[in-house]
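Novice: Given the sequences, and given the hints that come with them, work out the whole structure.
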Amino acid sequence: MDSVFELLDRLEALIARGSSVPWTDKRIVDEREALSLVQMMRARLPAELAEAHRIRQAAEELLQRAQEHARLVVTQAQEQLSQLVDEHEVVRHAQTRAEEILARAHQEAEETRRGAEEYARQVLDDLEQGVLRVLMSIRKGKEILEARGSEPLDRR
Numbered sequence: 001m002d003s004v005f006e007l008l009d010r011l012e013a014l015i016a017r018g019s020s021v022p023w024t025d026k027r028i029v030d031e032r033e034a035l036s037l038v039q040m041m042r043a044r045l046p047a048e049l050a051e052a053h054r055i056r057q058a059a060e061e062l063l064q065r066a067q068e069h070a071r072l073v074v075t076q077a078q079e080q081l082s083q084l085v086d087e088h089e090v091v092r093h094a095q096t097r098a099e100e101i102l103a104r105a106h107q108e109a110e111e112t113r114r115g116a117e118e119y120a121r122q123v124l125d126d127l128e129q130g131v132l133r134v135l136m137s138i139r140k141g142k143e144i145l146e147a148r149g150s151e152p153l154d155r156r
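Going by this note's numbering, the letters in the sequence shown line up with residues 1 to 156, in that order.
Simulated from the structure, these hints should not be mistaken for laboratory data. Treat the hints with care, as some may be off.
[As the list claims (entries may be wrong)] Below, a list of computed lysine to any residue pairs in the SDA-like style, where the Cα atoms sit at most 25 Å apart:
1) Lys26 / Ser150
2) Lys140 / Val73
3) Lys140 / Asp2
4) Lys140 / Leu63
5) Lys140 / Ala50
6) Lys26 / Ser36
7) Lys26 / Gln39
8) Lys140 / Ala16
[Unchecked claim] Label pairs and their calculated CB-CB ranges:
9) Glu6 / Gln76: 47 to 57 Å
10) Glu61 / Ile15: 18 to 28 Å
11) Gln107 / Arg133: 30 to 40 Å
Just so you know, even glycine gets a beta-carbon here, dropped at the ideal spot from N, CA and C.
Specialist: Now the structure itself:
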């Protein structure tokens, strides 16, 4: 099953193969084949958008897992702090150690969160670029078809 991008490549190839109309920048293409490609693109777009939605959900789940991991690390660090403080002679050492653990846990949590957000942002940016390319190709195809539709019948 061809992707939208493969169908767009086929539409471009169809236009490139079309017969040139002398003294114009117009081409004559097989209308049935062009319309068939446009219909196939319309049919594939929901699948492509569903894939984009799936990717976005996966990125959100990754971010959620990272945040949960960060909460777990902080909780464990706090539990370690409580255990270290229990003994009277090592209170100062325990506090220092616990603060280091908490600082490291917060740093790891922040790094994990930033990494997950950056990944999600990159996935969404890539998806946005892909959708924009598809939309531009569809518009170009429609413009070509509309330009053909406005020509007098004897020029077709």
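Novice: So, for every hint listed, does it hold in this structure?
Specialist: Status of each hint after checking the structure:
| no. | hint | verdict |
| --- | --- | --- |
| 1 | Lys26 / Ser150 | holds, 12 Å |
| 2 | Lys140 / Val73 | violated, 52 Å |
| 3 | Lys140 / Asp2 | holds, 19 Å |
| 4 | Lys140 / Leu63 | violated, 37 Å |
| 5 | Lys140 / Ala50 | holds, 24 Å |
| 6 | Lys26 / Ser36 | holds, 20 Å |
| 7 | Lys26 / Gln39 | holds, 22 Å |
| 8 | Lys140 / Ala16 | holds, 13 Å |
| 9 | Glu6 / Gln76: 47 to 57 Å | holds, 49 Å |
| 10 | Glu61 / Ile15: 18 to 28 Å | violated, 41 Å |
| 11 | Gln107 / Arg133: 30 to 40 Å | holds, 39 Å |
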